[in-house]
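Make the full structure from the sequences, and use the hints.
So the chains spell out like this:
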Amino acid sequence: MELLTILLDMANAYGGAGIGAGLAAVGAGIGIGRIGGSALESMARQPESLGDIRTNMIVAAALVEGAAFFGIIVCLLVVLLK
Amino acid sequence: MIIKNIQTAFFVLIALLTTTFSAFAGHGSENGEEKEAFNAGEMIMHHVMDNHEIHIGPLHIPLPIILYSSEKGLDVFSSSNLSHGEPYLGYIMEHEKIYFVEEGGDVVRDEKGHINAAKPFDFSITKTVFGLFITIGLMLFLFITAAKGYKKREMQAPKGVQAVMEPLIIFVRDEIAKPSIGKKYEKFLPYLLTIFFFIWIGNMLGLIPFIGGFNVTGNIAVALVMALFSFGITIAKGNKDYWMHILWTPGVPWWLKFPIPLMFFIEFLGFISKPVVLTLRLFANITAGHIIILSFVSLIFIFNNLFGAGGGYGVSILSVAFSIFMFAIELLVAFLQAYVFTLLSALYFGSAVEEHDHAH
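Residue numbers (this note's numbering), protein chains in the order written: chain A, 628 to 709; chain C, 65 to 424.
Source of the hints: derived by calculation from the structure; they are not laboratory data.
Where is the CB? At the ideal position from N, CA and C, for every residue including glycine.
Any given hint could be a false lead.
[What the hints assert, rightly or not] Just so you have them, the derived chain A footprint on chain C, three or more residues with Cβ under 8 angstroms:
#1 333-345
#2 348-357
#3 399-405
Next comes the structure, spelled out in structure tokens:
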């Protein structure tokens, strides 16, 4: 219980920036994981459209990662401008 | 067989040698001199933000400072005059920001210790501007040599720089411009090629270690200007169908558009968010990559401070391995961010010039 309290105190230090950044990373992980998973599945179903699927997977992953980075930058700003 | 063993021995030797670099970090604090503790956050921020001089190892190369203000006019001098925090010619520099200061007077500080004074316009050649010049110079060399090669060797196989650039240019034309824009892609191709190579070379420049750490594309102003260029081109080239889709979206019930323009509000949000998201994606990706690599390296020094030289040695193997891994990922990210920025710009151009066949 003590350890949990200490960890939560640290993560909550700069207005919860630590928790915010962690959640952004989790969101990115889930999103890009789903994109990669469905891309691999469709590549296995239809190997001749490998190149097209790969291109669109990269585009979608970059867009999702953009949203995650938005959250990370906001948390970084909270830490730096406190 | 002997060659294989020698190769393995060579790599093991290199690995051991690189891990001993942490010993040099330990020596300073073991001497008992007045040495500041290693502040990782400060070091990382200093490397990621802009700077008025270039640090290459122990070498400090001062860059010119160019200041303009309506009171004092134009002042150009070397940054070595201001780098020690002393006032010079009525200016003083703190944390890479230049303020006005009275002759022989102290500056006003607010409660957090920051200077509270007016600032002149700072047009200095900073580290990022210098990196911009390097990128531009490299791009000019590559493209002009390729163009001259095409003129000299018409109808022949390409050679030299021309041969390197041709598959890349064809990649941008056939994979990015043509599928996204359609028939009228040629007018947009010079701009797309420019931003693709500028972002790619700028990203790669930031990855080269030991030359001072240029963070060209990781600067939010650079990313913002490029996104604004793309934004401006979509506005300039938007045809009537494009603006009608934003202002008075066809095919949507009238009560979403007339008393309260809800549809316009939604479309406007999408319209404004495009350059903002382009900027943030590029800036955040590149800066985050630099911060991660710098963090792994500073881990060695942090462990050195906490557990002595042994800790530094031990963690340096892991640290170097992870740094190499992150560098490899950052190489991929350099190309990927250039590709995504160019592709999205091309898609926005395509939607601006698209000819809709209205089936009425």
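Evaluation of the provided hints:
1. Counting residues of the stretch 333-345 of chain C whose CB lies closer than 8 angstroms to any CB of chain A gives 3, so the stated coverage by that chain holds, three being the minimum.
2. Proximity of the stretch 348-357 of chain C to chain A, defined as three or more residues with a beta carbon under 8 angstroms from a beta carbon of that chain, is established by the 3 residues found.
3. With 4 residues having a Cβ less than 8 angstroms from any Cβ of chain A, the stretch 399-405 of chain C passes the three-residue criterion, so the hint holds.
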